[in-house]
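S.K.: Chains A and B are the protein sequences, given in the same order. The numbering of the first sequence is the numbering used here, which starts it at 1 and goes up by one. The numbering of the second sequence is the numbering used here, which starts it at 1 and goes up by one.
Just so you know, not all the hints are guaranteed correct.
What the hints assert, rightly or not - So, partial list: chain B residues that the calculated Cβ filter (under 7 Å) puts toward chain A: (1) Lys86; (2) Val110; (3) Gly111; (4) Cys114; (5) Ser177.
As the list claims (entries may be wrong) - Far from chain A, some chain B residues (derived; all Cβ distances over 12 Å): (6) Ala120; (7) Tyr163; (8) Arg173; (9) Pro179.
To be verified - So, partial list: chain B residues that the calculated Cβ filter (under 7 Å) puts toward chain A: (10) Pro81; (11) Arg97; (12) Phe99; (13) Thr103; (14) Val118.
Derived from the structure by calculation, the hints contain no laboratory data. The beta carbon of each residue, even a glycine, is placed where N, CA and C say it ideally should be.
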Amino acid sequence: MSGGANTPLRRLVEKGRASTATARTATLLGAASSLASTFLAWSYGSAFPGDLTIYGYPGGAQVHVLVLAAVAIALLLIEVSPLRRVVTPGGVGGTVRVLASGVFLITAFTVLAIGVELGGLINVEWGGWVALVAAAVFAVAARLLPADRPAVWSYRLPDWVEFLVIAVVLGLALAAFVQALAIPEWEIFLCYLVALGAALAAAWRLGLAAWISAVGARHRGVTVTAAFVVAAAFPFTQGSDNHWLNVMVNVGIFATTAIGLNIVVGLAGLLDLGYVAFLGVGAYVGALLSGAAASSIGWNPPFAVTVVIGAVVTAIVGVIIGTPTLRVRGDYLAIVTLGFGEIFRITVNNLDGSTGPQVTNGPNGIPGIPDLVFLGVDFGQSHTIFGMNLGYFANYFFLELVLIAFVILVFSRMNNSRLGRAWLAIREDEVAAQAAGINTFRLKLLAFALGATLAGMAGTIQAHAISSITPDSYQFLNSAFLVAAVVLGGMGTVTGAMLGSVVLLLLPEKFRFFQDNKLLIFGLTLVLMMRFRPEGMIANKRRQAEFHEEEISERLGREAQAEGAR
Amino acid sequence: MKSAGEDTQRGPVLEASGVTMRFGGLTAVDGVDFTVGEREIVGLIGPNGAGKTTFFNCLTGMYVPTAGRVTYRGTPLSGKPHLVTKTGIARTFQNIRLFPNMTALENVKVGRHCRTTVGALSALVRGPKYRREERETEARARELLDFVGLADTSDGLARNLSYGDQRRLEIARALASDPGLLLLDEPTAGMNPQETQQTKDLVFKIRERGLAVVVIEHDMRFIFTLCDRVAVLVQGRKLTEGSPGEVQRDERVIAAYIGTPAGSEQS
Ligand SMILES: Nc1ncnc2c1ncn2[C@@H]1O[C@H](COP(=O)(O)OP(=O)(O)OP(=O)(O)O)[C@@H](O)[C@H]1O
Ligand SMILES: [Mg+2]
Numbered sequence: 001m002s003g004g005a006n007t008p009l010r011r012l013v014e015k016g017r018a019s020t021a022t023a024r025t026a027t028l029l030g031a032a033s034s035l036a037s038t039f040l041a042w043s044y045g046s047a048f049p050g051d052l053t054i055y056g057y058p059g060g061a062q063v064h065v066l067v068l069a070a071v072a073i074a075l076l077l078i079e080v081s082p083l084r085r086v087v088t089p090g091g092v093g094g095t096v097r098v099l100a101s102g103v104f105l106i107t108a109f110t111v112l113a114i115g116v117e118l119g120g121l122i123n124v125e126w127g128g129w130v131a132l133v134a135a136a137v138f139a140v141a142a143r144l145l146p147a148d149r150p151a152v153w154s155y156r157l158p159d160w161v162e163f164l165v166i167a168v169v170l171g172l173a174l175a176a177f178v179q180a181l182a183i184p185e186w187e188i189f190l191c192y193l194v195a196l197g198a199a200l201a202a203a204w205r206l207g208l209a210a211w212i213s214a215v216g217a218r219h220r221g222v223t224v225t226a227a228f229v230v231a232a233a234f235p236f237t238q239g240s241d242n243h244w245l246n247v248m249v250n251v252g253i254f255a256t257t258a259i260g261l262n263i264v265v266g267l268a269g270l271l272d273l274g275y276v277a278f279l280g281v282g283a284y285v286g287a288l289l290s291g292a293a294a295s296s297i298g299w300n301p302p303f304a305v306t307v308v309i310g311a312v313v314t315a316i317v318g319v320i321i322g323t324p325t326l327r328v329r330g331d332y333l334a335i336v337t338l339g340f341g342e343i344f345r346i347t348v349n350n351l352d353g354s355t356g357p358q359v360t361n362g363p364n365g366i367p368g369i370p371d372l373v374f375l376g377v378d379f380g381q382s383h384t385i386f387g388m389n390l391g392y393f394a395n396y397f398f399l400e401l402v403l404i405a406f407v408i409l410v411f412s413r414m415n416n417s418r419l420g421r422a423w424l425a426i427r428e429d430e431v432a433a434q435a436a437g438i439n440t441f442r443l444k445l446l447a448f449a450l451g452a453t454l455a456g457m458a459g460t461i462q463a464h465a466i467s468s469i470t471p472d473s474y475q476f477l478n479s480a481f482l483v484a485a486v487v488l489g490g491m492g493t494v495t496g497a498m499l500g501s502v503v504l505l506l507l508p509e510k511f512r513f514f515q516d517n518k519l520l521i522f523g524l525t526l527v528l529m530m531r532f533r534p535e536g537m538i539a540n541k542r543r544q545a546e547f548h549e550e551e552i553s554e555r556l557g558r559e560a561q562a563e564g565a566r
Numbered sequence: 001m002k003s004a005g006e007d008t009q010r011g012p013v014l015e016a017s018g019v020t021m022r023f024g025g026l027t028a029v030d031g032v033d034f035t036v037g038e039r040e041i042v043g044l045i046g047p048n049g050a051g052k053t054t055f056f057n058c059l060t061g062m063y064v065p066t067a068g069r070v071t072y073r074g075t076p077l078s079g080k081p082h083l084v085t086k087t088g089i090a091r092t093f094q095n096i097r098l099f100p101n102m103t104a105l106e107n108v109k110v111g112r113h114c115r116t117t118v119g120a121l122s123a124l125v126r127g128p129k130y131r132r133e134e135r136e137t138e139a140r141a142r143e144l145l146d147f148v149g150l151a152d153t154s155d156g157l158a159r160n161l162s163y164g165d166q167r168r169l170e171i172a173r174a175l176a177s178d179p180g181l182l183l184l185d186e187p188t189a190g191m192n193p194q195e196t197q198q199t200k201d202l203v204f205k206i207r208e209r210g211l212a213v214v215v216i217e218h219d220m221r222f223i224f225t226l227c228d229r230v231a232v233l234v235q236g237r238k239l240t241e242g243s244p245g246e247v248q249r250d251e252r253v254i255a256a257y258i259g260t261p262a263g264s265e266q267s
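One chain only, chain B, in its complex shape (with noise of 0.2 Å):
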């Protein structure tokens, strides 16, 4: 199967609009259109409890979203996860998910899932299908574990890596699924600076291979410097969106963050 990110005729690489998502009285994500083109990098910061997290389950079908509609190069998103990722949405989480009791190589072969096709009999029987299948997710397992600098960990369980490396990890099982758009969310929390930069070096080297990423950051820093564009979302609601340096210069941004005089928003 070719790479969910080669064909860019069909428009913007992912767009939404109105998604909306209420859990119960609660409105977590309201009303938002967002739209990344191709080998974008878009950050999208808010303050705690902002609905980013939220939104990004929506996007990949984690939720099914109360209103709105998504599209991914113009195909509309099912509710399944595992359909979007089929369809080239790929994602890390803000509290890492490993699977920790496997290996650092196997974590990033489960990535490839949707993109192999042996079935149970093909498994039992071990044809020649069977066995190139199985080479070409080695490798390429092997090859994007070197890509996010993890070559030489491939074998170790992935509880034992230290924070950062499970972050790349992370980066490296949803890069398996040859995804056309990847959404990081958080990618340095708890990292130190240099790890961050490291990150950041990545992101970039990410871009490079075609993909469009979004990545939901609060280091302001590193959002700054990394994103094309920003986004701001500020109780469900996007408050504003454009470059970098619009953004850092919106009174609005930095009253959401520091509070407004009333401070009615936090609960």
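Chain A on its own, in the form it takes in the complex (with noise of 0.2 Å):
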């Protein structure tokens, strides 16, 4: 595919040549123009989040647009310096395409809403259409960029300095985490996603979030300690504030029982859509054994026996589930664990001594579960760290995050073992790992009873977190709600449940609408993310192999053609 020396081709490239000048100087232009009117008013009323009336002063939604359309700009500026070789090696179109795509979403949604919200277009000021076009003229001039190859950056930089990109990355996500939640209004919280998830896209195409997750995995142990350290943070910025605090306890309470799952679901690969009752078991033995006025056993022992007690009784109810819904596969076995998930609600129901014995107060659930006390610690009360005073829901959080991080040990510990290799293997092809050797049953059950001990001690925290429990806190639906999270987060990772149990516990914390349609909303999701990323936010490896084994070979097939077209 050489082609003749003075052939159409060869003008075809010249004219390729001036167009990329061209559409390089167009880009920059309306880069810099979208830069320019976030100094504009974009808005007559003043009611509309972020006041963008005030000229001169970037506000709300316009600091997203301001600092997109900066980063574009110097990046645009560095493919034409000699600084090309070093950041971006690959090229900028992708990585600029993606900004100015945030940069015209932004504008857009913003320009819309302020007509929207004030009562039509008319309450538009003329920076705000100036906005929309410089933000139009920066997206379509940055689709006529050349293509970029994929970068690579493998930069060894010391380990000292490396430690400190980890560090920074980390205490960035931090920031951002906490300044996202305290974004009142939704447009902007809306416009800060939007921002933010083209940043990060940018950061992929330029081949700086590779770097920065290599970089990661090279130091493994720094990293994961260093993300805990940073975890503990979080209480340090909420001060004395409940609320955030609250719902982070709520998220982790999720999170660990997510993780939990993600071993029965990701490693063991059995779709147990009745999970959530293990949580229900822990809490209830919580509830039970925590000294409150409405539970019908007056023992309360330590708090770390009752987590024991706690532990013990669910991996027992566990094996009991376990051992004959595990005998039926696929979707069977999705069905009869979502059968014993309710028996367990519908247990707990009766067990209110008109229908069965006096246990579990039925329908009514115990009120009034105390506070824990640990270790002399009493978890009701506000305690000063570091000279700051923090809200006493800041206990929990701490001692639900040494819990994430024991769950997260036995999830790693089993998945490199022979267990998650037997786990593997059965997930692959049951009937070659049991002729290989290994007991599928009995490697199920075990999969099965510990996601449940992990869901039960969970639960026992949870009991004193939520001071109130009832039956139908743990109904099908909640379990429907953790397997999105794994199937969203991703299948067998740890960070991916995370990641999936925060977006779906915060997202209906931000947005109202949300709130409102999160059956509608979930549902549409899991089916957007089953087409286009079946893996999840944050796939296993092994799991993105399957699902893409085909594009990466087209991929790898179309690389070959162009090296030896070259």
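The two chains are supplied separately, each in an independent frame; assemble them into the complex guided by the hints.
M.R.: Written as structure tokens, this is what we have:
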């Protein structure tokens, strides 16, 4: 495919080079005017979130546009400078395109939202229109940039620099997270998410994200430790305000349970649709042994004992439920576990003294569960740590963090052992696994019981943290959410399950619309996920290989062809 | 645990008597007697649908035979595949059944499963016992990959291996359970002459390790040059059994393959 010397091909190449320069200039202009437009007023009414009526001072979503455009300009300039070889070895086309799309989406959304919320597009000041046109020019011109090659940043820096990189990245992540929580208006929050998404996608295109994850993988221990330190720093960003701490405690419990479920679903490949029942068993054990007035058991052992009892009881329940159910496979297993999950809820409903013995107060549940006292610390009191007075939910947050660390340890150590290998083998080919000498039933039961135990432990904490439990908190819908978190986040990965939990629990807190249409949105998201990214947000390497074999081999084929053409 | 291939005092490695397998009205295996001695390589041949694979499945606990008795070195076998493997019989499949998304090394490590004992608690704590066992598993798996000639593909996913390599990997996985008897179901299907020759050498090498081997194969030259003894299965019954020379000369065997004048056996 070399082509003749003076053929039309040659002319096309010349023309291409010329139009590349034009596209770059146009993009630069678009980006610069987008950036400039954020200093204008976009709206006549100041009621719109962020107050966009002020000249010379970007507010609200304008800030996001400003940042994205600035980054794009920087990249475009770098590409024509000697720094090019270091920062943008693969070109910037795709990266700038992503940023430009972000800018356009945010600008268009904001202009439109001003129109809708303030009663007509008449409320959009001329600055808003300028911004829209600039963003459109930016986005269209960026499309004309030459495509970039997938970039590989393979820089190996001294260890201490790489540690610093990890620390900075995690610190930034915490800052971004805290800032997101602090945004009260959903409009700005949405723009923030779009900006964040665009920035992350751009980082991937550039090769920066891949490099950072490679650095993280090189120093795994450091990264994990740093991640926990950063997570532990979260309460200090909230001070004595309990609201988000409370939410994050719930997220933590949900995430712990999701990671436990991920052992069952992601590692052993058993779709359990009644998993939340185990969280319920743990919670009821925790509540009954809490010394609550409504508890039918007077005994109130120290919490460490309660956790152990909760773990043992759920393990036993797991074995009891698993023994009959694990004889069936696939879809049947899902249905049978769903049934057993409901049996738990109905049983607890009926242990109310009228239709059965009085154990659980039936549908009324157990209210007034006292706060934990653990290691002499009263979890109901706020404490001062490092000179900072933290809301009392911080206590639960820290305890939850310890539990998550434990669950992650269990997950990863099981995964990287003879047992994890056996689970994977069962998932891959059950008949071959049996022939290779694996007692498949026993291993499945182990996964099932182990997952149950972890959920049970989370349950004992949950009972105290939410202070009142009813059977309805453990209905099928919650099992479905747990599965959704695992599938969305990524089956077989810890980070995936955590990310899935955060997304699933935090978004409804931020968007009323989400809250009201939870099921519709989750359903849609899952369908889209299954279509476009079946391996979940954070993919297990192996699953990625399973799902994208053709695409990967196709891409390799195309690259090989390109090599040949060169 | 010591290799199941070492205690030789208790008679033949495999003794099957009157093994019968019925699927509804179809008798796929019909009263087959079959014996394998120490370090013997026995061929099992027969036309398509003769019941060879079904017979293997009966031996390995994949199917519970309708009638008959199977013993391994005098121990009666239970109807559970993983227990049969633990007792000392390992197998490969006619249609390769590897764990495609695991690496070659991991595939072989899975084969060690029944010879290792680390439980959940030990895997969590990772004490010295765990680490020793993991090291041994790793070493054994690498040794076996080397043995079948796959040492330099150990980190590739099984499904990216060539067809011949996949068959060899399956053998390595089977060997990982330290069997005394290895059952190979058409190990050279789809191979070129050169690969077939390598497979033959491999089977001889396996015998040298002290194992007995039963091979199902349609490639007659392969069977007759490899085996000490050949059994012929036709329509679920054992037609005849003997040295390669005897079987080769047997008119009935030729008739069974080409079809009798009445042509009654093809369905
Ligand atoms: N699970 C089953 N259910 C019903 N019939 C079966 C089953 N398994 C095997 N059969 C039947 O038993 C007979 C023997 O099959 P088998 O696979 O053992 O033949 P084979 O000798 O291995 O043939 P090939 O050389 O083609 O592999 C066939 O008629 C087959 O259809
Ligand atoms: Mg067969």
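S.K.: Please go over all the hints and tell whether each is borne out by the structure.
M.R.: We went through each hint and held it up to the structure:
no.	hint	in the structure
1	Lys86	holds (6 Å)
2	Val110	holds (5 Å)
3	Gly111	holds (5 Å)
4	Cys114	holds (3 Å)
5	Ser177	holds (5 Å)
6	Ala120	violated (6 Å)
7	Tyr163	holds (17 Å)
8	Arg173	violated (6 Å)
9	Pro179	violated (9 Å)
10	Pro81	holds (4 Å)
11	Arg97	holds (4 Å)
12	Phe99	holds (4 Å)
13	Thr103	violated (10 Å)
14	Val118	holds (5 Å)
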